[in-house]
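Student: Following the hints, complete the assembly by docking chain Y onto the known chain V.
So the chains spell out like this:
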Amino acid sequence: MKRLPDSRKAKRKSISYAKWGYLFIAPFFLTYAIFNLYPLILTIYNSFFENYRSGLKQVGPNFVGLANYVKLFTPDANGTIDILKYAGNTVVLWLGGAIPQIVIALLLAIFFTSHRLNIRGQQFFKTVIYMPNLIMASAFSMLFFTLFSNVGPVNQLLIQWGVVDTAIDFFSIKITVRSLICLMNFLLWFGNTTILLMAGIMGIDQNLFEAAEIDGAGSIQVFFKVTLPLLMPILVYTIITALIGGLQMFDVPQVLTNGAGTPNRSSMTLIMYLNNYLRTSKNYGMAGAISVIIFIITGLLSLMVYRSLTKKD
Amino acid sequence: MKKLMALLLAVVMVLGMCACAASDNTPATTQAPAATEKKEEPKTEATEAAPAEEGKVFNIYAWNEEFKGFFEKYYTVPEGVTVNWIINPSDGGVYQDKLDEALLNQANVADDEKIDMFLAEADYILKYVDSEYTQDITALGVTDFSNTYTYTVQAASDASGVVKGVSFQCCPSALIYRRSIAKDVLGTDDPAEVQALLDSWDKFNAVAADAKAKGYYMTSSEAETFRVFSNNGETPLVDGAGNLTLNDAIKAWQTQAKTFSDNGYTLTCDIWSDECTAQMFADGKTMCYFGPAWYFNFCMGNAQDPDKGCYGDWAICEGPQAHFWGGTWLLAATGSDNPTMLADIMDTFINDEEVCSNLIQNESQFTNNQAVNAKFAADPEYGNAFLGGQNDVAVFVELAKNIKFENKTIYDQLLTEGLQGYWREYCDGAVTEEEAMSNYYKYINEKYPEIVTP
Chain V
0 MKRLPDSRKA KRKSISYAKW GYLFIAPFFL TYAIFNLYPL ILTIYNSFFE NYRSGLKQVG
60 PNFVGLANYV KLFTPDANGT IDILKYAGNT VVLWLGGAIP QIVIALLLAI FFTSHRLNIR
120 GQQFFKTVIY MPNLIMASAF SMLFFTLFSN VGPVNQLLIQ WGVVDTAIDF FSIKITVRSL
180 ICLMNFLLWF GNTTILLMAG IMGIDQNLFE AAEIDGAGSI QVFFKVTLPL LMPILVYTII
240 TALIGGLQMF DVPQVLTNGA GTPNRSSMTL IMYLNNYLRT SKNYGMAGAI SVIIFIITGL
300 LSLMVYRSLT KKD
Chain Y
0 MKKLMALLLA VVMVLGMCAC AASDNTPATT QAPAATEKKE EPKTEATEAA PAEEGKVFNI
60 YAWNEEFKGF FEKYYTVPEG VTVNWIINPS DGGVYQDKLD EALLNQANVA DDEKIDMFLA
120 EADYILKYVD SEYTQDITAL GVTDFSNTYT YTVQAASDAS GVVKGVSFQC CPSALIYRRS
180 IAKDVLGTDD PAEVQALLDS WDKFNAVAAD AKAKGYYMTS SEAETFRVFS NNGETPLVDG
240 AGNLTLNDAI KAWQTQAKTF SDNGYTLTCD IWSDECTAQM FADGKTMCYF GPAWYFNFCM
300 GNAQDPDKGC YGDWAICEGP QAHFWGGTWL LAATGSDNPT MLADIMDTFI NDEEVCSNLI
360 QNESQFTNNQ AVNAKFAADP EYGNAFLGGQ NDVAVFVELA KNIKFENKTI YDQLLTEGLQ
420 GYWREYCDGA VTEEEAMSNY YKYINEKYPE IVTP
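Line by line, the protein sequences are chains V and Y.
Okay, so the first sequence: first residue is 0 according to numbering that gives the first Met the number 0, each after it adds one.
Okay, so the second sequence: first residue is 0 according to numbering that gives the first Met the number 0, each after it adds one.
The following block holds chain V by itself, in its conformation from the complex:
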């Protein structure tokens, strides 16, 4: 009891700047709370309600417990659970774009940074490969839609060259629709990844490469033994951001298939599914439930990647 005033005095003497620190970071937390945390909680809350619009009339909100979730996981007449199917689609579409994207970007980054190759006109190439990223994804998608439509230039050329007799309906064949989406995502993002990975490689100490070369390591050995391990943090960062972006894939398939995810809803992504509930019916209950599921999936996947990263450290 006696000590209390002393310690108080002592505290007062040493000036704490902590509160200023908190004050400075407060704007972030405040905006986070208003624009992220509050909507998140509201979404979870909404997912327990029946809440939609029928024409110009509002139905609900009525509390329905877990009914929306039950509906999401009820298999249809053919035995498919929709949300899992769309999650599967999303992952396939993401992998189809992300794997070539990372491989090609890695290759390009190594070529560009190699002092042996010493490629000229780097600035030009870097600009060119980054270009597609500057185009709006939906505009890019619209361009592809026009190019590959039944009366579009691609079909016209194929017919003219005698490759096919009648136009290929690219948008009614599963593999072509998916390939086009993957191709577009690849084209849009590989430049960005290349630049990131180049920065990563340039951050590695040059002496290590020289030492490896003096020891007689070939370029493949240098890549696997020196470059790749030291590039890992940047690579994992790239993969996580690509993963989160991939799970939220929307604009490219939405515009390309006019929102229908043709054929047989095989190019329907999770966010497109979510969007279906938000348009016309303004079904906040079901949309909320889907959002919560997406949130959980994203959280789990990020945790997995994070774990695998920290283990190595």
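One should not assume that every hint holds.
To be verified - Calculated pairs, BS3-like style, for lysine-lysine (alpha carbon to alpha carbon, straight line, at most 27 Å):
1. K441/Y with K56/V
2. K173/V with K257/Y
3. K403/Y with K250/Y
4. K211/Y with K284/Y
5. K407/Y with K56/V
As the list claims (entries may be wrong) - These stretches of chain V come out as covered by chain Y in the derived footprint (C-beta under 8 Å, 3 or more residues):
6. 50 to 56
7. 129 to 140
8. 152 to 158
9. 277 to 289
FYI, nobody ran anything at the bench for these hints, they're computed from the structure.
The beta carbon of each residue, even a glycine, is placed where N, CA and C say it ideally should be.
Tutor: Frame of chain V, contents of chain Y only:
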């Protein structure tokens, strides 16, 4: 010094945030009184004097440029009034979504931002007519419906018979065929003879095989005949209890669509796609289209281009079954601050003989004025050059007698779009019949949770 600096920075930052919040708030607080003031103004004026002063901005919601074109050509806007067109595409229900948002928000916006008039189509007009968001036009002064077609007034009337709008067109739909192809396939391009050869589905289907044998398509899309079937259905798409019911007429279309696709009698594509439109050009191989006057004068606009199209190589006849398709109604929005102009527009497009005559002569329309239509139908001088000089008005006058506005629901647009889209995947062979229907039901559940699907 450091402390002072930190304090200063913090204060600046907090102030900055307040400034943001303040700038967000100020317009809202100033707007609110302005809106209430404005609302009160007309009231006092109305009690004191005649409705002299009306809004300076006239807002019209539409889904394409069709009516805008006629409006700008034939309607004289009162001096000092600006007409503001808000156009959203109809595809996928975008127009309806945007319009709904605006109507639900109608009470909260300033008078000049309120919707004064909006256009609606037969597929969803009931949604707006049977609501508080449209108002009685007879009270505004539109009272003369003696020349209009009864169904157009019936469609724009709510359950208790209050009329909420007018249609500027009447939409009996016809079989539109390419004369040159008909000559090749049927041996004649005379409308009466073609009609005799195509007046039932059995004949139509048989001719499709002949057309195919000669290297033509019977229709450019498997959905081309949809309206002919669906318009003759006995039940609405959604019954009173909210169940989806696909009647026999629609099932007959489904069978035909699959047969036509499998046999190569038609292309499989959306009726609004480039692929379908390309068939309307000179080197197109398609013999038949179906549609009202608006279809060939507006949607076949490309075919009217003398360079690309085949102007004059078309003709119309009734086809296998009489039907009607669509139509654009002008509805009066509740809360409009331009009631006089609103009523005047509506009256002009149904009762002004000069405007209606111009619509027929210059725009190939079939108007909602029976007297004017009858005049052109009887005029031996009149002929539509696009249709090779055929008097289309005379054909439509006969077809218009069959129109019954029944079995319509507020859901028709999206239910129709979805059915055509998902059934096309089956026609293409991408999915099984069960998968196609299951996907269609999923689509309905997403769009309209209240509809019960099998």
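Student: Identify every previously stated hint that the structure contradicts and give their numbers, smallest first.
Tutor: Numbers 7, 8 - these are the hints that the structure violates, sorted from lowest upward.
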